[in-house]
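Take the sequences, apply the hints, and build the full model.
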Amino acid sequence: MHEETVGSLAERVGGRVVGDAGRRITGVGDLRSAGPEQLGFVRDLKYRDLARASGAGALLVPEPLETQAAQIVVANVPASFARIATVFFPLPRATSQRVHPTAVVDPGAVLESPVDVGARVVVERGARVGAGSVLKAGVTVGEGCRLGRDCVVFPGVVLYPGVTVGDRVILHANCVLGSDGFGYAPDGPRYVKLPQLGSVEIGDDVEIGAGTTIDRGALGVTRVGRGTKIDNLVHVGHNCTIGEDVAIAGFCAFSGSTVIGDRVAIAGHVVSSGHLKVADDVKIGGNSVIYFDLDQAGEYVGYPLQEKRQWFRTLRVLDKLLELQQDVRELKKR
Amino acid sequence: MHEETVGSLAERVGGRVVGDAGRRITGVGDLRSAGPEQLGFVRDLKYRDLARASGAGALLVPEPLETQAAQIVVANVPASFARIATVFFPLPRATSQRVHPTAVVDPGAVLESPVDVGARVVVERGARVGAGSVLKAGVTVGEGCRLGRDCVVFPGVVLYPGVTVGDRVILHANCVLGSDGFGYAPDGPRYVKLPQLGSVEIGDDVEIGAGTTIDRGALGVTRVGRGTKIDNLVHVGHNCTIGEDVAIAGFCAFSGSTVIGDRVAIAGHVVSSGHLKVADDVKIGGNSVIYFDLDQAGEYVGYPLQEKRQWFRTLRVLDKLLELQQDVRELKKR
Amino acid sequence: MHEETVGSLAERVGGRVVGDAGRRITGVGDLRSAGPEQLGFVRDLKYRDLARASGAGALLVPEPLETQAAQIVVANVPASFARIATVFFPLPRATSQRVHPTAVVDPGAVLESPVDVGARVVVERGARVGAGSVLKAGVTVGEGCRLGRDCVVFPGVVLYPGVTVGDRVILHANCVLGSDGFGYAPDGPRYVKLPQLGSVEIGDDVEIGAGTTIDRGALGVTRVGRGTKIDNLVHVGHNCTIGEDVAIAGFCAFSGSTVIGDRVAIAGHVVSSGHLKVADDVKIGGNSVIYFDLDQAGEYVGYPLQEKRQWFRTLRVLDKLLELQQDVRELKKR
Chain A
0 MHEETVGSLA ERVGGRVVGD AGRRITGVGD LRSAGPEQLG FVRDLKYRDL
50 ARASGAGALL VPEPLETQAA QIVVANVPAS FARIATVFFP LPRATSQRVH
100 PTAVVDPGAV LESPVDVGAR VVVERGARVG AGSVLKAGVT VGEGCRLGRD
150 CVVFPGVVLY PGVTVGDRVI LHANCVLGSD GFGYAPDGPR YVKLPQLGSV
200 EIGDDVEIGA GTTIDRGALG VTRVGRGTKI DNLVHVGHNC TIGEDVAIAG
250 FCAFSGSTVI GDRVAIAGHV VSSGHLKVAD DVKIGGNSVI YFDLDQAGEY
300 VGYPLQEKRQ WFRTLRVLDK LLELQQDVRE LKKR
Chain B
0 MHEETVGSLA ERVGGRVVGD AGRRITGVGD LRSAGPEQLG FVRDLKYRDL
50 ARASGAGALL VPEPLETQAA QIVVANVPAS FARIATVFFP LPRATSQRVH
100 PTAVVDPGAV LESPVDVGAR VVVERGARVG AGSVLKAGVT VGEGCRLGRD
150 CVVFPGVVLY PGVTVGDRVI LHANCVLGSD GFGYAPDGPR YVKLPQLGSV
200 EIGDDVEIGA GTTIDRGALG VTRVGRGTKI DNLVHVGHNC TIGEDVAIAG
250 FCAFSGSTVI GDRVAIAGHV VSSGHLKVAD DVKIGGNSVI YFDLDQAGEY
300 VGYPLQEKRQ WFRTLRVLDK LLELQQDVRE LKKR
Chain C
0 MHEETVGSLA ERVGGRVVGD AGRRITGVGD LRSAGPEQLG FVRDLKYRDL
50 ARASGAGALL VPEPLETQAA QIVVANVPAS FARIATVFFP LPRATSQRVH
100 PTAVVDPGAV LESPVDVGAR VVVERGARVG AGSVLKAGVT VGEGCRLGRD
150 CVVFPGVVLY PGVTVGDRVI LHANCVLGSD GFGYAPDGPR YVKLPQLGSV
200 EIGDDVEIGA GTTIDRGALG VTRVGRGTKI DNLVHVGHNC TIGEDVAIAG
250 FCAFSGSTVI GDRVAIAGHV VSSGHLKVAD DVKIGGNSVI YFDLDQAGEY
300 VGYPLQEKRQ WFRTLRVLDK LLELQQDVRE LKKR
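Chains A, B and C, in that order, give the protein sequences. The opening residue of the first sequence carries number 0 in the working numbering; numbering runs sequentially from there. The opening residue of the second sequence carries number 0 in the working numbering; numbering runs sequentially from there. The opening residue of the third sequence carries number 0 in the working numbering; numbering runs sequentially from there.
It is worth saying that the hints were derived from the structure and are not from the lab. Cβ coordinates follow ideal geometry from the N, Cα and C atoms, glycine included. Heads up, none of these hints are tricks.
Across the chosen pairs, the derived CB separations fall in these ranges:
| no. | chain 1 | residue 1 | chain 2 | residue 2 | range |
| --- | --- | --- | --- | --- | --- |
| 1 | A | His274 | B | Arg127 | 48 to 56 Å |
| 2 | C | Gly187 | B | Phe88 | 20 to 28 Å |
| 3 | A | Asp186 | B | Pro61 | 48 to 56 Å |
| 4 | A | Ser95 | C | Thr94 | 35 to 43 Å |
| 5 | B | Arg127 | A | Val98 | 23 to 31 Å |
| 6 | A | Gly297 | B | Ser32 | 55 to 63 Å |
Keeping only pairs whose Cα atoms sit at most 30 Å apart, straight-line, the calculated DSS-like set for lysine-lysine is:
| no. | chain 1 | residue 1 | chain 2 | residue 2 |
| --- | --- | --- | --- | --- |
| 7 | C | Lys282 | B | Lys319 |
| 8 | C | Lys332 | A | Lys307 |
| 9 | C | Lys332 | B | Lys332 |
| 10 | A | Lys319 | A | Lys282 |
| 11 | A | Lys319 | B | Lys331 |
| 12 | C | Lys45 | A | Lys276 |
| 13 | A | Lys319 | B | Lys332 |
| 14 | B | Lys282 | C | Lys276 |
| 15 | A | Lys319 | A | Lys331 |
| 16 | C | Lys319 | C | Lys331 |
| 17 | A | Lys331 | B | Lys307 |
| 18 | A | Lys331 | B | Lys331 |
| 19 | C | Lys332 | A | Lys332 |
| 20 | A | Lys332 | B | Lys307 |
| 21 | C | Lys307 | A | Lys282 |
| 22 | C | Lys331 | A | Lys319 |
| 23 | A | Lys307 | B | Lys307 |
| 24 | C | Lys331 | A | Lys331 |
| 25 | C | Lys319 | B | Lys332 |
| 26 | C | Lys332 | B | Lys331 |
To list a few chain A residues with every Cβ distance to chain B over 10 Å, as calculated:
| no. | residue |
| --- | --- |
| 27 | Thr4 |
| 28 | Gly6 |
| 29 | Arg15 |
| 30 | Glu36 |
| 31 | Glu65 |
| 32 | Thr94 |
| 33 | Val98 |
| 34 | Pro113 |
| 35 | Ala184 |
| 36 | Arg308 |
The following block contains the structure:
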């Protein structure tokens, strides 16, 4: 168990200590349950009373509060909490070379040192796994894949041949990268498969959720940019380009060749028709259908896709649609 | 092959025999295809003619019918049929200790006796698997997991560390329990990962479908209550609480911290925004979006989410929306 | 690397050569990036200028164009391109018997010769794998399954017991065939599991996407007809019947007992309520809900599901719904 003083934690996040900088902290918790050796956080001053009542040994706060706890005052409480939580609960990282005897690593594959290759992992010919990376049980790394440094790949993940993954990427259980895109040429009533000859490139610091599938390009590349986070059960079609620092919540689907700009934020259950572009800095609310280009930064939501305020007003009209119909009927009678 | 008389089957379900109680039955079937050694069922009296024509040796019926078959009269035909079908086709259960030589079981894991651990299974340190449980090929049970008695875990299932599963739970192929929730703190244009430190607790008698993903809590617990059934490709976000005896059909998604009461029934393709509550005994129809709390038992459906009868009327207005617009245009002209 | 002349490629697709029939071709590419040893294609004459500027050594064209490249004139450019691309990049096929030493093949299973069985594959008792088929790493083939000739099964695929798969079928990573349908009988407030005793039958030349799940029939069969293509993360409920030469794009879900005719084309994110029929040759646009039978061939889309032209007009009215409401309000005032 890692142990640290409030003072040294404050240094890590550039915070100012109010109270006992020497207090020992061994973990994190929420305001209600944190104990005297744990650090909690006050995201918003409306939790002021909870903070006062909290048993936490230390609190991350946006400004000094009346409380028994040692306080670390920071500008960005959630980001500071994330950094401190990571100190106590770091991601798995290989620190010495370990290849489980049941792993099947092709002699033509390169494992940098140190890597941690779990039970039943398969690494095929010509693949390369970067130093510090951890492959959990049952992962498959296809022929010629490139996996960067300090990656964590959870059980059951499948990388088809030729997939490239950056550094510090996290791939959650049973996600699939590089499966064939849905490409067929009609020939009379039948379909002829178009071989999917492209690849997938995942940037640094990307995280991809459990069960998510990202198809390889038909001829070119399906790209996910640096820092982008994708949640569970998301479908990314062939030749999509997803920018940097994008957030895509769970249960979304992007048809082939969708282009998503940088810093786009997409809530859950959003679907795009293919060959559309979404500009940088767009935010899209949940349960939306993208069926035209979004050229301007802004907040959009719904189906029809509208500016946020308009959609919620439209939804209220939809909710009263029977009354609207009744009004029209009465007007017609007069 | 199991063989039983009509009389003994009737006893199992508390039914009354009409006809030959000694007839031998070796299996079940539907009215159209069941043969003389099979038991069929008449769910509704509207199938009376099919029942008369059926070649089934025995029939479960809600009341005596004119038919050649031996009959077992019961109050609840489908539940009785389910119980009798299970007599002939029981779920897999470990009856003697069997650990496949290719399984990788950490010496610090506890396998109660008897368990049946299939090929390529991985059970990590500190995990415990209850007596009677069957782990099919390629299952991964992470560090410190607790799996109850008489569970069946199908191939490719992944349990992240620290997941707790009750007794008689069925986990279908490639489902994932305990993956990280989608939690990040924005820091300027970038995201800092919030370590997901919580866990997942699955109650007794739960069944979870193929490809479904259930994220661990951020700090607390993601819970699925006793007796709840979840279908395929469902996404359950971090810190959701799903009650007891809930049914969730396929292709649903619940954003983080959704709270679902007991005995809630949710049809396919229903999505919730986060931090919402659904009261006990609510029924939600297919293709709905839950975007506000549902405090009262009742049947809701649609987007906008409405009471069932209203939604289907709203849908009819939507279907005639062009005419409504035309009416308004004509009224304006006048 | 395969190498072929323009002339012999033209013969393969029944095309007419314009220009140098002897030119050597070693691969394919798109108009922008193809080099002198690659064949590109001109799907539409609107790409005429790109074709003229292309560095491709050969082009598939619908009619002769002004270009430096050798040309192969064909009636169906995309289908011909698909066939030629497959010459250079054929699907994996077993050409000699190879069973990886880590594969676990039950002595009571039959592997025809040649098959290629990868690392960590499990083939259970009574299963049969046809000649030419390739099982990639970590595939599970359950008891009594029948897999045809020349199939390709990607890593992590799970076939439950008793599933039948035709010839030349492609199953993408982590898809699941034969999982239990979502069938329970209510018994008071609880659910009793209805054993799912049916099976799954997949026709010849079917392709199924990554993460897709197809449930076994409750008593009968869940069927996918010859030539049908299903994309990623699709849920097919128990007892569905999907016809021949059907295309189903990603992120669709079909409730139990849905019947889809032949040559139906379904775009992404389409959901059906159960027990509905879709006639042959129907096309359904993206983001649709099928909630009534579609008895006539035609193009439908939306929710409410409408003929294509009507839906896009309805969507425009929805987009102006606030104005419609305003019009009605003003009319009422007068």
